[in-house]
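Protein chains in written order, with my numbering: chain A, 1 to 217; chain B, 1 to 627.
Just to be clear, a hint being listed does not mean it is correct.
[What the hints assert, rightly or not] Here are the simulated DSS-like pairs of lysine-lysine, each with C-alpha atoms no more than 25 Å apart in a straight line:
#	chain 1	residue 1	chain 2	residue 2
1	B	Lys333	A	Lys80
2	A	Lys45	B	Lys333
3	B	Lys245	B	Lys261
4	A	Lys194	B	Lys358
5	A	Lys35	B	Lys333
6	A	Lys174	B	Lys333
7	A	Lys45	B	Lys22
8	A	Lys35	B	Lys358
9	B	Lys22	A	Lys180
10	B	Lys36	A	Lys10
11	B	Lys367	A	Lys35
Bear in mind the hints are in silico, worked out from the structure with no lab data behind them.
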Amino acid sequence: MIIRFKYCKKNEAKYLSHLDMLRILSRSIARAGIKAALSRGFNPKPRITLSNPIPLGVQSLAEYADVEVDVCLDTGYFMKVINSCLPENIIVLDAACTCNKLKSLMSVIDVVLYEFIIEAADNMSLDKIKSFIDAYDSSSIYSFFTQAQQKKIFLLKIYGYAKIFNNNSNRIFKFNDFNKALKQFGQSNGLHIKDSSKTAVFIIKGARLADPFEEVV
Amino acid sequence: MKSLLKMLDPAEIGALLENIEKPGRYIGNEFGIKSKNPDYLLKNPATVNTALVFPDVYEVGMSNLGLQILYKIINSNPLFNAERAFSPWPDFEDRLRKSKTKLFSLENRIFLDCFDLIGFNAAHEMLYTNILNAIDLSGLSIRSLERKALFPLVCCGGSSAVNPWPLSAFMDFMVIGDGEHVISQILGIISNYKEKYLNNSSNYLKSPANLQQVKKEMLFGLSSIEGVFVPSFYSLVYNSDNTIKKIIHTGGSSGITGVKKIRKAVLKDIDSFDTLSDPVVPNIQTVHDRLNIEIMRGCGRGCRFCQAGFTYRPLRQKKVKNLIEKSIEGLLKTGYDEISFTSLSSSDYKELKKLIEKVTESGLFEKISVSLPSLRLDSFSLEIAEIIQSGRKTGLTFAPEAGSQRLRDIIKKDISADELRESIRAAFLKGWTKVKLYFMLGLPFETDDDIKAIAETTNEIIYIAKQCLDKRSFSRLQISVSINAFCPKPFTPFQWCAQENIFKLEEKIRALQQSISSRFVRLHWNSPEKSSIECAFSRGDSRLPDVIEAAWKKGARFDNWTDYFDYGLWVQSFSIAGADPGFYTTRQYGLDEVLPWDVIDIGIKKDYFIKEFNKAAAGIRLNDNKI
Numbered sequence: 001m002i003i004r005f006k007y008c009k010k011n012e013a014k015y016l017s018h019l020d021m022l023r024i025l026s027r028s029i030a031r032a033g034i035k036a037a038l039s040r041g042f043n044p045k046p047r048i049t050l051s052n053p054i055p056l057g058v059q060s061l062a063e064y065a066d067v068e069v070d071v072c073l074d075t076g077y078f079m080k081v082i083n084s085c086l087p088e089n090i091i092v093l094d095a096a097c098t099c100n101k102l103k104s105l106m107s108v109i110d111v112v113l114y115e116f117i118i119e120a121a122d123n124m125s126l127d128k129i130k131s132f133i134d135a136y137d138s139s140s141i142y143s144f145f146t147q148a149q150q151k152k153i154f155l156l157k158i159y160g161y162a163k164i165f166n167n168n169s170n171r172i173f174k175f176n177d178f179n180k181a182l183k184q185f186g187q188s189n190g191l192h193i194k195d196s197s198k199t200a201v202f203i204i205k206g207a208r209l210a211d212p213f214e215e216v217v
Numbered sequence: 001m002k003s004l005l006k007m008l009d010p011a012e013i014g015a016l017l018e019n020i021e022k023p024g025r026y027i028g029n030e031f032g033i034k035s036k037n038p039d040y041l042l043k044n045p046a047t048v049n050t051a052l053v054f055p056d057v058y059e060v061g062m063s064n065l066g067l068q069i070l071y072k073i074i075n076s077n078p079l080f081n082a083e084r085a086f087s088p089w090p091d092f093e094d095r096l097r098k099s100k101t102k103l104f105s106l107e108n109r110i111f112l113d114c115f116d117l118i119g120f121n122a123a124h125e126m127l128y129t130n131i132l133n134a135i136d137l138s139g140l141s142i143r144s145l146e147r148k149a150l151f152p153l154v155c156c157g158g159s160s161a162v163n164p165w166p167l168s169a170f171m172d173f174m175v176i177g178d179g180e181h182v183i184s185q186i187l188g189i190i191s192n193y194k195e196k197y198l199n200n201s202s203n204y205l206k207s208p209a210n211l212q213q214v215k216k217e218m219l220f221g222l223s224s225i226e227g228v229f230v231p232s233f234y235s236l237v238y239n240s241d242n243t244i245k246k247i248i249h250t251g252g253s254s255g256i257t258g259v260k261k262i263r264k265a266v267l268k269d270i271d272s273f274d275t276l277s278d279p280v281v282p283n284i285q286t287v288h289d290r291l292n293i294e295i296m297r298g299c300g301r302g303c304r305f306c307q308a309g310f311t312y313r314p315l316r317q318k319k320v321k322n323l324i325e326k327s328i329e330g331l332l333k334t335g336y337d338e339i340s341f342t343s344l345s346s347s348d349y350k351e352l353k354k355l356i357e358k359v360t361e362s363g364l365f366e367k368i369s370v371s372l373p374s375l376r377l378d379s380f381s382l383e384i385a386e387i388i389q390s391g392r393k394t395g396l397t398f399a400p401e402a403g404s405q406r407l408r409d410i411i412k413k414d415i416s417a418d419e420l421r422e423s424i425r426a427a428f429l430k431g432w433t434k435v436k437l438y439f440m441l442g443l444p445f446e447t448d449d450d451i452k453a454i455a456e457t458t459n460e461i462i463y464i465a466k467q468c469l470d471k472r473s474f475s476r477l478q479i480s481v482s483i484n485a486f487c488p489k490p491f492t493p494f495q496w497c498a499q500e501n502i503f504k505l506e507e508k509i510r511a512l513q514q515s516i517s518s519r520f521v522r523l524h525w526n527s528p529e530k531s532s533i534e535c536a537f538s539r540g541d542s543r544l545p546d547v548i549e550a551a552w553k554k555g556a557r558f559d560n561w562t563d564y565f566d567y568g569l570w571v572q573s574f575s576i577a578g579a580d581p582g583f584y585t586t587r588q589y590g591l592d593e594v595l596p597w598d599v600i601d602i603g604i605k606k607d608y609f610i611k612e613f614n615k616a617a618a619g620i621r622l623n624d625n626k627i
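Hey, can you work out the whole structure from these sequences and the hints?
Right under this line is the structure:
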């Protein structure tokens, strides 16, 4: 039996690494009184696997984890107890339980969505930023959103590939590289990144982006 | 009454932590935090705020049980608030200084100079420069007499505070002994003063003379608490040969004549405080990343070199029923899968086997590993080791401390050569192939033969292994020999002894290296230079604060970290302060000399130490542990 759950790493929790998260989730699950299945060997550890690592210092609203358990749990109950046992700023947002075998999260996740909140100088045109992103990676899919009241602040949503596809010569989207390039571009072009976060991950199903929970239900 | 607490603006954290190594060290946010929230502090401005600082990096500091115990006690009281802080790693110190940001607590990110009390854990001597650095990073003067404001008061406690002089110039007061009761008494007095003077009489304190009078009065009040030493009330008068002529009482009330010794605070009923079962659980991996359960305080062995063995007396064993309950509760509350039963000599706890079995076989946990920090080398310990390593056989650690029986008798390390042989044999027969051995070099009355005996013991172990192990296991044999230089410590029978000089120690290590040349043996040693500085601090007097300050100014930090310890810098610092390190290290102190730590009453009479020293000199080993 596997419980797949989605959680966020907000605020200061973004400074916790992938390995920290494994340890924190293992202990939180133990504190919640949920018995995770153990790995074999002299040093048995709870069987928990996580979705793709995120760079240290980046907020995420869409982290996923699979935990193997012996008995199926009501997911509402699971969320309630686990959330009372997690450190601050780590919150489980959704959960689902399945008896099926699941492919590991890291192997199935194809696309990651990052969002940047950017403040621009008055004379900045969106076209200029667009040509910067196209030049950075021509296969990028992105969009901009502006708010009516705050014209100078806009939201950039960029979809990046989490892996290389055999039939495609795509690039893996590396957050840190893009962030650095965008920062540099911004410095000479009057842009300031106010905030950034990972907001969703997807599995490509045909022509559509599917949520990792679809595998469970 | 307005709250004067200044906190770090949350918007600044991002820039502060950018590209900082292991930022998880500085963010708090752990499970099990007990501090009051900012709203509470705002609504209750009279709350006494204490910063508990372990002056090493987070991963080391969070492994310290004392910090967690005090944190729990203070925060259980609605009038008091405790928050944690640790030494910033040099990269973060640099960031703090460049951005002119003061050191702040992990919980509410309150700048340290806004606390009422800053309490340091002086767990060992090599932390002293980090203590100075943390005071400075808080925006305060490092010297207590230059800190004119009423608050924060700066204090320290912990193992190395038993000789208070090296830190005396920096501390408003120091606590000797167990802190459980003392901390609430201290905060009670501080609370009275905080309320009285911050509420309505602030004008009165605008006059520097009044302020100093009130501060002195408060310190005098604190000095009436058992175990509290106020350095500014005492001073040492020296003879022309730099030894101490007398200790004088210079402050407090004028009526006092003679010197009142500071009696160590002792928690008589060890079960009167609940064993901590809900510590803060770190988010990042720490040095001892497990549930620590203290099972005993003190040690009944009386090894003559061991300071903790004397300063933590009397031996107090906790009730096994409580320990079983609290261990299980702690594992459930924290989610740890490892538990450590800590004490100075855990195999002496009379119901250890029962405790381990009741916890691991409670049926509540599928897999719990147990670690014991200090096992003796005997058949009982082997049995325990087999239970806790449950088939893993990761390795056994033994501490014969000296190579020869003669020297073990002198230091009163209660292991006979036969016991040693038999235990090792039994360990090999049970399948262990990794053994770690601890020895000391430069012990009092040591001869070349005693050093040879270390090599002989090691070779004998290889010989036993050859007899007991089959060919395949024998090829996996690993003997790790760890060498430490002996350091004479206050409140031990060897407190007067000279430390061997560095060159001699290095020579002895080289000799040992040559005589242990088997491929099965790995020899490790700790730098004799570091040990020599540790010794100077342990036995230092009121001239040592100048040395520590000079070293800190030259950039000494994290002296316990081999990468950061710089012996040359320390030698220069001694010379700047006009002190001779040899006076505190390689010099034999006279039995009739006034010792700096004579100002502390540790609960054991000097005569007892002299008697023990004489027995050692005569090579007598007696099972007399009575004080």
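Hints and how they fare:
1. Lys333/B / Lys80/A: holds (16 Å)
2. Lys45/A / Lys333/B: holds (18 Å)
3. Lys245/B / Lys261/B: holds (16 Å)
4. Lys194/A / Lys358/B: With a Cα-Cα distance of about 55 Å, the restraint between Lys194/A and Lys358/B is violated, given a limit of 25 Å.
5. Lys35/A / Lys333/B: Satisfied, since the Cα-Cα distance of roughly 14 Å is no more than 25 Å.
6. Lys174/A / Lys333/B: With a Cα-Cα distance of about 38 Å, the restraint between Lys174/A and Lys333/B is violated, given a limit of 25 Å.
7. Lys45/A / Lys22/B: Between Lys45/A and Lys22/B the Cα gap is close to 24 Å, so the pair holds against 25 Å.
8. Lys35/A / Lys358/B: Judged against 25 Å, a Cα distance of about 20 Å means the pair holds.
9. Lys22/B / Lys180/A: Distance ~20 Å between Lys22/B and Lys180/A Cα, so the pair holds.
10. Lys36/B / Lys10/A: holds (22 Å)
11. Lys367/B / Lys35/A: Distance ~11 Å between Lys367/B and Lys35/A Cα, so the pair holds.
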